[in-house]
Amino acid sequence: MTRKRVWLVVAGSAMLGLLGVWLGIRSSSSDPDERPPADLSPAGPGTGGRSGPRPEVAALIAEANEVCDRLVKRFPHAPESHDVKGWALFRFGNSSEAVKSWRKCVELDSTFGSAYYWMGRCAFDREDYALAADSFRKALELEPGSAVYPLYLANALMRLAQFEEAVAVLQRDLKARPAAMPSYVLLGQAHLHLRQYQEAKQSLEKAIAIAPDYTSAYYTLATACDRLGEKEKAKEYHARFRRLKERDHREERESLKRYDDTAEVRQGVARVYALAARVYDAHGEAAEAESHRRRAAELEPTSPQGPAPQGPAREAGSEAWVLPGLEALPAPEPARR
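So the sequence shown is numbered by this note's numbering: it starts at 41 and just counts up by one.
Keep in mind that the hints were calculated from the coordinates and are not lab data.
Note that the structure is a prediction, hence the values are computed from the model and not measured.
Among the clues, some could well be false.
[As the list claims (entries may be wrong)] Derived lysine-lysine pairs resembling DSS-like cross-links, with alpha carbons at most 27 Å apart:
{"id": "1", "residue 1": "246", "residue 2": "271"}
{"id": "2", "residue 1": "246", "residue 2": "273"}
{"id": "3", "residue 1": "297", "residue 2": "285"}
{"id": "4", "residue 1": "275", "residue 2": "215"}
{"id": "5", "residue 1": "285", "residue 2": "273"}
{"id": "6", "residue 1": "275", "residue 2": "285"}
{"id": "7", "residue 1": "178", "residue 2": "144"}
{"id": "8", "residue 1": "246", "residue 2": "297"}
{"id": "9", "residue 1": "273", "residue 2": "297"}
{"id": "10", "residue 1": "285", "residue 2": "246"}
{"id": "11", "residue 1": "246", "residue 2": "215"}
{"id": "12", "residue 1": "285", "residue 2": "271"}
{"id": "13", "residue 1": "297", "residue 2": "271"}
{"id": "14", "residue 1": "271", "residue 2": "215"}
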């Protein structure tokens, strides 16, 4: 197995945890590494209005940066080392510099699909949906088996009101993965915006059959039923939506009470070490890899093996996926009865 293939296997096994969180059964994620980049700017979360992150947080981020700089210096011609650096920069809120690392990846290897994906993520976050769609399309072209890229591509296309292409992308994905709940949710939304209400209803009913507690599916489903004149069904689904939304708000409030920015940053830095260890392993430097794994375990002791690697696309086991930052397109407010 080539070094590149080793990294792709690692990245592939990693990305479903990344996608382990967008259109999920809950709107929150237990995986910090697929949350939006940490807000470590002045007066960001956990700073109490002070300028910049607290000293212990700043020290952890500096440690992660040093790991990445050493890795890139050791393997300057290996795209995976630049990929790790890009992910770390993105994770800690420096998307513009992260994009530079992923551009370096594709300069070194034009077939490095995850770099296009991550550049698409950054473009999406700054609402450049045309560039995001182009990037996701390229990533999917290079890795057509991805369970992640079709969802991001479809969502970007929907933001551009290119609903027909979004439908085609999602239908291809569902042909390959018939139980992919997120694709049914997005497909239902695309059909709704095309005024294909029966198709929207069918897709969303399949979604809630897979994930009965997925909140936003009920909102769109209520809208589709209302447009079809099925008023009682619309009322039933909208009531279910309201109950689930209230639950989500309660859980979010409880989560905010428990929020610890230092612990979250420690988890992120542990991921950087774990990813770097994979790169050292792939290049035959077992001792250095083991050193990085030990530090990862110190930072995240609840995970004895060190944290799961974070990469472009953990290919699919769970259908309970969420893609933070990719909220579904809002449907028109359903009629209330």
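Satisfaction of hint between residue 285 and residue 275, Cα-Cα up to 27 Å: holds, 15 Å
Hinted pair residue 246 and residue 271, Cα distance within 27 Å: holds, 20 Å
Would the pair residue 271 and residue 215 pass a check requiring their Cα atoms to be no farther apart than 27 Å? violated, 32 Å
Quickly compare the C-alpha distance for residue 285 and residue 271 to 27 Å and report which way the hint goes. holds, 21 Å
Take a quick look at whether residue 246 and residue 273 sit within 27 Å of each other, Cα to Cα. Status holds; Cα separation ~15 Å.
Between residue 178 and residue 144, is the straight-line Cα distance small enough, at 27 Å or below? holds, 16 Å
Proposed proximity, residue 273 with residue 285 (alpha carbon, max 27 Å): Holds, at roughly 18 Å.
Checking one constraint from the list: CA of residue 297 to CA of residue 271, max 27 Å. Satisfied? violated, 39 Å
Restraint check for residue 275 with residue 215, where alpha carbons must lie at most 27 Å apart: violated, 32 Å
Please work out if residue 285 and residue 246 have their alpha carbons no farther apart than 27 Å. holds, 20 Å
27 Å limit on alpha-carbon distance, applied to hinted pair residue 273 and residue 297: Violated. Residue 273 to residue 297 sits at ~37 Å, over the 27 Å cutoff.
Does residue 297 pair with residue 285 here, judged by a C-alpha cut-off of 27 Å? holds, 19 Å
Of the hints listed earlier, those the structure fails to meet are numbers 4, 8, 9, 13 and 14, in rising order.
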